Amino acid sequence: MYFAGVDIGSTMTKVVIIDEDEELCSKIVRHTGAEHRRLANKVMEEALKQANLPFEEISYVVATGYGRVNVPFADRQITELSCHSKGVSSLFPNVRIAIDIGGQDAKGMKIVNGNLVDFVMNDKCAAGTGRFLEVISDALGIKVEDLGSISLKSTNKVKISSVCTIFAQQEVVSYLSEGTPLEDIVAGFHDAIAGRVVRMVKRLKIEPDVVLTGGVAKNIGVVKAVRENIGLEVLVPEDPLLSGALGAAILGKEAVLKALAKGEPIPKKERRLEEATFFT
Amino acid sequence: MPVAEETKGLSRVKELYQDRPQRVKELKAEGRKVIGYLCIYPVLEMMTALDLVPYRLFGDMREPITKADACLPPMVCPFLRSVLDLALKDKYPFLDGIALAHICDVGERMAHIWRTYIDYPYFYFMDVPHTTHKAALEMFKEEIKGFQKSLESFTGKSLSSEKLKQAIGVHNDQRSLAKELYDLRKPDPPLVTGTEVLQVMVALASVPVEEGNELLREVINEIKQRKEKPQKQATRLLVWGSIIDDVSLIETIENSGANVVMDDICVGTRSHWTEVELTPDPLDGIAYRYLEGIKCPRTFREAARDPREKNYMADLESRFGYLKDYVRAWNVNGVILQSVRYCDTHGYEVPAVRDYLNTLGLPSIYLEHDYSQSSLAPLRTRIQAFLEVLG
Amino acid sequence: MVQEKKRAINRLQTMRPIRAEIDETYKANVEASKAGNPIAWAMLTIWLGDAIFHAMDIGAAYPESYGAACAASGEAQSYLDRCDEEGFPTHMCGYARNCIGYTARMMKDFGGEIPPEAPMGGMPKPAVLLSRGMSCDAGFKWFEALGRYMDVPLWTLEMPAPGVKEGLSEGVRERNVGFMTKELRDFVSFLEGIFGRKMDWDRLSQTVYDLEAIGRVWHETSELRKALPCPMHSRDFWTCMNGPSTPTGDLKKKLKLYQDLYDEVKDRVENKVSAVAHEKYRVGFTELPPWHSLKLFDILAERGWNFVVETWGYHPAVPIDLTGVNDPLERLARISYSGLTTSCFQGAAQAGEYMGFLGYPNLKYAEEYKLDGFFLHPLLSCRAASAHLWYVQDRLMQKLKVPSLMVEGDIVDVRMFDLADALKKAEAFEEIMDHYKEVRKKEGMEW
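Chains as they are written, first to last, in the working numbering: chain G, 1 to 280; chain W, 1001 to 1391; chain U, 2001 to 2447.
In short, the hints are calculated from the structure, not lab data.
All values derive from a computational prediction rather than experimental measurement.
The beta carbon of each residue, even a glycine, is placed where N, CA and C say it ideally should be.
Where hints are given, some of them may not hold.
[Unchecked claim] DSS-like mimics (lysine-lysine), calculated; alpha carbons at most 30 angstroms apart, straight line:
1) G:Lys258 / W:Lys1232
2) W:Lys1089 / W:Lys1014
3) U:Lys2125 / G:Lys202
4) W:Lys1310 / U:Lys2034
5) W:Lys1089 / U:Lys2401
6) W:Lys1310 / U:Lys2272
7) U:Lys2165 / W:Lys1091
8) W:Lys1091 / W:Lys1149
9) G:Lys268 / G:Lys153
10) W:Lys1028 / W:Lys1157
11) G:Lys269 / W:Lys1227
12) U:Lys2125 / U:Lys2198
13) U:Lys2399 / W:Lys1067
14) U:Lys2425 / G:Lys159
15) U:Lys2272 / U:Lys2253
16) W:Lys1025 / W:Lys1014
17) W:Lys1229 / G:Lys269
18) U:Lys2165 / W:Lys1067
19) W:Lys1149 / U:Lys2182
20) U:Lys2256 / W:Lys1295
21) W:Lys1141 / U:Lys2182
22) W:Lys1310 / U:Lys2108
23) U:Lys2253 / W:Lys1295
24) U:Lys2125 / W:Lys1310
25) U:Lys2027 / U:Lys2272
26) U:Lys2370 / U:Lys2165
27) W:Lys1324 / W:Lys1310
28) G:Lys159 / U:Lys2424
29) W:Lys1134 / U:Lys2182
30) U:Lys2425 / G:Lys124
31) W:Lys1145 / U:Lys2272
32) U:Lys2165 / W:Lys1033
33) W:Lys1310 / G:Lys205
34) W:Lys1141 / U:Lys2108
35) U:Lys2437 / W:Lys1067
[Stated by the list, open to error] Some chain U residues near chain G, calculated using beta-carbon distances under 7 angstroms:
36) Gly2087
37) Arg2415
38) Glu2443
One chain only, chain G, in its complex shape (with noise of 0.2 angstroms):
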């Protein structure tokens, strides 16, 4: 049997087919874009292609993340927050916090035994979510896949004050013309997202194993920093964008097979692959 998990993200687009072993069958990450409402069923076809599989294969499709409800041949829908929880747990036996920042949105998560059990989002201010660093690099002119590398070589960062991602941008600029190093700078800000993160995510009461995942998990400076606010060990996945994905087609998985145990019908619905419309 095969299972496929929908994560449409502010920014991402993921989708993720496994086998009933939980083994990765395909993969795909797309921009969202504007289009996500029509998007999702051609990264859909992607990944069904990626795998080599017809859509009438797919036991079960679970639908995640902000553009949840625009999946027109989703099963369910399930929040980011279980299904990360879902994710990080299957790749993470013993973890416990997971925190995931995205594009628009950071979480925190309190798993035991691969289960949700308590969480806290940040959904309202961009400072402390990815597009605090997209703002920044636009602002210092550097590519945000850059920002990590570069951060690193930082020996002395600077303490950002601005709780607020227009007034830290004001910052950025009196901080340039001071002829402070770049590095610095960047190692500063990636400090700030850190702090304020972890500020969130303590109401959780923290203890290990601590995971980081999201779009800004693949930026090793903020790794650092998170690290560093924390006082913990963070581990991260090898491909962070998926873990959302990932859990949601794991959560397909489990209900599928929970209704089989039963012995009762699997609680799907009647669904075509196509584009979302807005009756839909």
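Please build the complex by placing chains W and U on the supplied structure of chain G, with the hints as guidance.
Quick look at chains W and U alone, frame taken from chain G:
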């Protein structure tokens, strides 16, 4: 979401919910005087006994705040800002007067601001003590006497003990009828949704008490005879916190796959649960019920005992023990704590309530919103995730 | 010879020993606690609780002031963060967050001992808590929340807050004074019960008289500031304001110190010595100052801004006639109730101002101190001190053509206050003050 058959009582409720001033406008045209009041401390029985029509003031989540910006800053309770905004926009032309109370810091300041900028034939600010100390109860009895005097002066009538006792009786009737309504939420699934109950409570706050009682009787009957009931859900929730005067939040919760079967809010149990005891001097019963009987975090209370024995758990039990009764009788398996942003009264309370709920083994989540439609969307994910945790 | 750099604000010499006295209390509390003598944590209750503590030899630490001290020293942030971690919303009072964070740290991390990083030597674990039911909800909600961390007996002291019109109604004042007197008596019984010691009523009477004497001197000092130029800057007021409201230490010695201060101020008035080099603007301030950025006032002083008066609520009660009132508790009640909260009600009612002591006194001050403008400081985390400021701004302009500058900040969280921005705004505001000076002149007003 259940679809109630279009029945008389429930239709009337929906009508009143959509167009709240409907009835008071009619009454005003008939020569009655309407007194707007905020929160649940202004004494309703006195207004009723003097033939005034009490009309509870709510805000409007959908109306962007503009005029109130000149008087109240953005970092205060958005509900109160909304109420003041509507007043400044003359959305209450049918009011003959306003009765306000010291409900909270912003409520107090807003009362004085309101009075300065808008002239009403009648305006009263009731000072409410913050504790239930013996001296406070005595003071409060005198304070409500002052309120009574001001109403007498306004109406030109004197309020007899008899009439007041009568009014107490009618208001107590509404309280016990409300409990009957709430009893209909005990079965699984409940016979009535949280959304519907809130609509009923809002409707009751918009009409004179006798009319409200009649309406309640009708509604209770209709619900008992319902053929189409709400859908059974895995989760039965209690919603706690600051004022909710719009169904959108409750709807969002119920649409996420839960039954809201109980509440601890002031458009719900806090306004209707405790009756006034009929004491020889009716003011004693009234003062006690309003200050001690209403369980709102704006009043400080703790377990009564030897001052040398302070105990957090005992205090929690004294402050929130009534929640245990609600949870057991309504078979609640999760609690959503919510408040408007910047609410200090409820904000400080949240960790303590959660501590208490933990002793009951009840999972809970705290949601903050800013009394606007747009603040609901981010809540959906949190609510759904909470239900997933419970599931 | 070394040239001493001229300070922008001409600080009073006599302010220093007063400041030292106030700072001493932190150490004194720690010592007392170590010696097994009880310490209270108290909200400021305009003498009500403080006089009683003093008369019963109970030391008092003031978490509100401690919040200010932590903010000034830069240590507040860690306590604020800790409070967030404990699950409290972030919009709450900065002093409360600081204290809750501090308490969580003290009790959970150090088993009740003062944390090593605590500024000013910290506050020892209290034996009793006194909160209040007046001025703000945080006042009692915060102390209620401390129950999560320590089982310490707590009393919430009531103070009525009637509306202007209602407060002037027949019998209301006497009733409220009676209420407060009863409350105080119950509070005394409460303390007697906890500590197993009886109130020394003579000592309390003496304490109250001493406090009244200090209050009177401090009040007279404030009156002297009406002089042109103003001899004493708000910075000196803020530094010394705790003295008259918190009866710690030797009150006779304290009275002498405040008398010395009065003398120095009087001397300055006679010699027309100003608190700033060139008094170009006379400005009032309300409500809580930015403790973490007081240098703002030094910079403004260089531009000629003399802050001559501040928040009515921080000033001691306007002295009233208490002949025949012998019960010290009743004296306390009358002073606090009539003197502070309601002494302005007559004037307020006549002027059609209903905000009570939060509103009308600002108009009074503008007139009596001949203010060119008001600096209004709304605080992100204190609604009690901010909700009415827009109203105050409007009334000052409508009634007296006195403009106000609105600069936002927070009492403890320094990241919420932008000094550069504040100065920019202040600069622009100078033109506005100049303009309205002309407007007032044209309208024939006195200043």
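The hints, checked one at a time:
1. G:Lys258 / W:Lys1232: 21 angstroms, holds
2. W:Lys1089 / W:Lys1014: 25 angstroms, holds
3. U:Lys2125 / G:Lys202: 25 angstroms, holds
4. W:Lys1310 / U:Lys2034: Roughly 22 angstroms separates the two Cα atoms, so the pair holds.
5. W:Lys1089 / U:Lys2401: The hint holds at about 26 angstroms.
6. W:Lys1310 / U:Lys2272: Not satisfied, since the Cα-Cα distance of roughly 57 angstroms exceeds 30 angstroms.
7. U:Lys2165 / W:Lys1091: Holds, at about 26 angstroms.
8. W:Lys1091 / W:Lys1149: 28 angstroms, holds
9. G:Lys268 / G:Lys153: Not OK: lysine 268 of chain G and lysine 153 of chain G at ~52 angstroms, beyond 30 angstroms, violated.
10. W:Lys1028 / W:Lys1157: This hinted pair holds, its Cα atoms lying about 18 angstroms apart.
11. G:Lys269 / W:Lys1227: Since the Cα atoms of lysine 269 of chain G and lysine 1227 of chain W sit roughly 28 angstroms apart, the hinted pair holds (cutoff 30 angstroms).
12. U:Lys2125 / U:Lys2198: 23 angstroms, holds
13. U:Lys2399 / W:Lys1067: Holds - the C-alpha atoms of lysine 1067 of chain W and lysine 2399 of chain U are around 20 angstroms apart, at most 30 angstroms.
14. U:Lys2425 / G:Lys159: With Cα atoms ~25 angstroms apart, lysine 2425 of chain U and lysine 159 of chain G stay inside 30 angstroms; holds.
15. U:Lys2272 / U:Lys2253: Holds, at roughly 29 angstroms.
16. W:Lys1025 / W:Lys1014: Holds. Lysine 1025 of chain W to lysine 1014 of chain W sits at ~17 angstroms (cutoff 30 angstroms).
17. W:Lys1229 / G:Lys269: 24 angstroms, holds
18. U:Lys2165 / W:Lys1067: Holds, at roughly 26 angstroms.
19. W:Lys1149 / U:Lys2182: 25 angstroms, holds
20. U:Lys2256 / W:Lys1295: 49 angstroms, violated
21. W:Lys1141 / U:Lys2182: 15 angstroms, holds
22. W:Lys1310 / U:Lys2108: Answer holds: lysine 1310 of chain W to lysine 2108 of chain U is near 18 angstroms, not above 30 angstroms.
23. U:Lys2253 / W:Lys1295: This hinted pair is violated, its Cα atoms lying about 48 angstroms apart.
24. U:Lys2125 / W:Lys1310: 15 angstroms, holds
25. U:Lys2027 / U:Lys2272: 38 angstroms, violated
26. U:Lys2370 / U:Lys2165: Distance of about 28 angstroms is within 30 angstroms: holds.
27. W:Lys1324 / W:Lys1310: 22 angstroms, holds
28. G:Lys159 / U:Lys2424: 23 angstroms, holds
29. W:Lys1134 / U:Lys2182: Measuring from Cα to Cα gives roughly 9 angstroms; hence the hint holds.
30. U:Lys2425 / G:Lys124: Satisfied, since the Cα-Cα distance of roughly 28 angstroms is no more than 30 angstroms.
31. W:Lys1145 / U:Lys2272: 54 angstroms, violated
32. U:Lys2165 / W:Lys1033: 22 angstroms, holds
33. W:Lys1310 / G:Lys205: Status holds; Cα separation ~27 angstroms.
34. W:Lys1141 / U:Lys2108: Roughly 43 angstroms between the alpha carbons, so the hint for lysine 1141 of chain W and lysine 2108 of chain U is violated.
35. U:Lys2437 / W:Lys1067: 29 angstroms, holds
36. Gly2087: Cβ of glycine 2087 of chain U sits 6 angstroms from chain G, so the hint holds.
37. Arg2415: 5 angstroms, holds
38. Glu2443: 41 angstroms, violated
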